[in-house]
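Colleague: The primary structure of each chain is shown beneath.
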Amino acid sequence: MSHAFYIYGSYAVTGLIVLALIGWVWLDGRARARELQQLDAAGIRRRSAQPKDGASA
Amino acid sequence: MSDNSLAITKFSDLANPTRFLALVARILPWLSGLTALALVAGLCLGFTAEGDYQQGDTVRIMYIHVPAAWLSMMCYTVMAISAIGTLVWRHPLADVSAKAAAPLGAGFTLIALITGSLWGKPMWGTWWVWDARLTSVFVLFLMYLGLIALNRAMDDPAKAARVSAVLILVGFVNIPIIKFSVDWWNTLHQPASVVRMGGPTIDAEFLWPLLVMAVAFTLLFFALHLAAMRNEILRRRIAAQRRMAARMASGREGR
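Order-wise, the sequence lines are chains U and G.
Using our numbering, the first residue of the first sequence is number 1, and each one after it goes up by one.
Using our numbering, the first residue of the second sequence is number 1, and each one after it goes up by one.
Chain G extracted, bound-state conformation (with noise of 0.2 Å):
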């Protein structure tokens, strides 16, 4: 295949697996160099920036907290529109993007709730409560390790892609449940203060350390994500080049 043949022109070029290989070889470095820079400015914006007058410097906790919740909630929505991709369209790497982002969207999960745990304590006084929020996130958490592993428990991976995908778009509903728990519930979790109907309610000291981790999160989720779905891709191509060696072997055994 010429160097030619893998120009990616088009958004539908991207569904040829060994052309998104080569834009993710391309691109990869960029996104890393880029992800790293926006850690480094959101660190250090968030730890020169001053404590709030009633959390003092437990605010500095949010700047990890939000973001993670943010994302773990992006992160499933990727799988979410990846689902319909391998239902609706067959896309060939729609599965491979919801399987590559499961365990990413777990790993966000468990930050955002071991962080709004260690927030808890010295505010509320407490690690845990069953508020609508807290609980509607740890189902997430639990839903995205169920997926992971229905995937792995399936051992043809066509059927796996489409019995995941009817799961992860059932399990979208819990998205709007945990966005909207706070207002619909009473919880001692706060309501939302950045993305509100009227603007962020927050001081600018506090919501650019906020906004800077949560664009470095949003990054460094896509760097993994496409990192991730390279492997897949890899795994798919090996896989299938171990059956052809078997079927090869098998045909000269019967001769």
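If we strip away everything but chain U, and leave its shape as in the complex, we get (with noise of 0.2 Å):
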């Protein structure tokens, strides 16, 4: 193939690139359910998701 450096530089970068995005936006998502479960075993839970009044009692 002519010209491999180029060619394949250019799939190896668009590679990284992608991964990188990929990679920011998975573990992002890992960590951001997590800290939603912490708070969430620590008892802090948004107004919709806590038990009515009556109803744990």
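Hint data in this document are derived by calculation from the structure and do not stem from the laboratory.
No residue lacks a Cβ here, since even glycine has one placed at the ideal position from N, Cα and C.
Do not take every clue at face value.
[Unchecked claim] Okay, the calculated bits of chain U under chain G, using three or more residues with CB under 8 Å as the criterion: (1) 1 to 7; (2) 17 to 30.
[As the list claims (entries may be wrong)] Output of the computed footprint for chain U on chain G, the stretches with three or more beta carbons under 8 Å from beta carbons of chain U: (3) 47 to 60; (4) 103 to 115; (5) 118 to 126; (6) 220 to 228; (7) 231 to 240.
Join the two chains, each given in its own frame, into one complex according to the hints.
Modeller: Below is the structure:
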């Protein structure tokens, strides 16, 4: 293949940037889900997710 | 909240972040699978197609450069529509959409700039020229970085959303400049050969891999955008819950 350095270099850089974007979105999602779980375990919930008055009594 | 109340029956239902999260959970696995299939098909087509009689094998760079360049402009257009949603309708997800799209737009613009440069060196004999097309795309990249920095520099999310939306709309003037720069000025970058009046001028041998990769990149963008929007909604939900917990704690201390 002629100009292999430029062709494979282009695909490698594209792969790296795309993987970085996927990694950022995936890791950010995992971290947010973990954070929400920790808040939930500490009893800190959104008003709509809290047990209604009397329901838990 | 029952499952029934989360059903999406009309477009405006998407304004509810909880409904939106349920929709994302349902369609993201399918969208990711489709993206992977389209990427594999595009790569297979790209590497089995003939080389060009002038460009030789470097035409294969076009199968990633052109879709990335299209996506860099489409992403900004999505942000501009979101900015209108923020300023005009105060749609609860509009700012989430714009904020989530900016790093993706910066990524695709960077791919277009680097692959263009890697194609330019063997074909033009230079990595870079300050012609109208290359310069306006570089300005687009700087605008993405500026918008990311601006949004993260402001503590008040509502104020950051409005200021970012105004700046996004002002910056939208760059999109037609990028598109028509090759017609309005004398540029080293060639004029449009796919999206043009009179139809594409490139051979079907090159057009198919290009279109399949364009579909793959578009699917990739929407998959990443939906996932990044979901993350941003969760981030805002966490911040709201922390504020609520702080208020409850200070209320207890005050008694």
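Colleague: For the region 103 to 115 of chain G, do three or more residues have a beta carbon lying closer than 8 Å to a beta carbon of chain U?
Modeller: Result for this restraint: holds, n = 7.
Colleague: Test coverage of the region 1 to 7 of chain U by chain G using CB-CB distances below 8 Å; three residues minimum.
Modeller: With 6 residues close enough to chain G, the hint holds.
Colleague: Counting residues of the region 118 to 126 of chain G with a beta carbon closer than 8 Å to any beta carbon of chain U, are there 3 or more?
Modeller: Since 4 is at least three, the answer is holds.
Colleague: Does the region 17 to 30 of chain U contain three or more residues whose Cβ lies closer than 8 Å to a Cβ of chain G?
Modeller: holds (count 10)
Colleague: Would you say the region 47 to 60 of chain G counts as covered by chain U, given the rule of at least 3 residues with C-beta under 8 Å?
Modeller: holds (count 5)
Colleague: Holds or violated: the region 220 to 228 of chain G covered by chain U, criterion of 3 or more residues with Cβ-Cβ distance under 8 Å?
Modeller: The restraint on the region 220 to 228 of chain G holds, since 4 of its residues have a Cβ under 8 Å from chain U and three suffice.
Colleague: Can you tell me if the region 231 to 240 of chain G counts as covered by chain U, using C-beta to C-beta distances under 8 Å and a minimum of three residues?
Modeller: This one holds; 6 residues, not fewer than the three required, reach chain U with a Cβ under 8 Å.
Violated hints: none; the structure is consistent with every hint.
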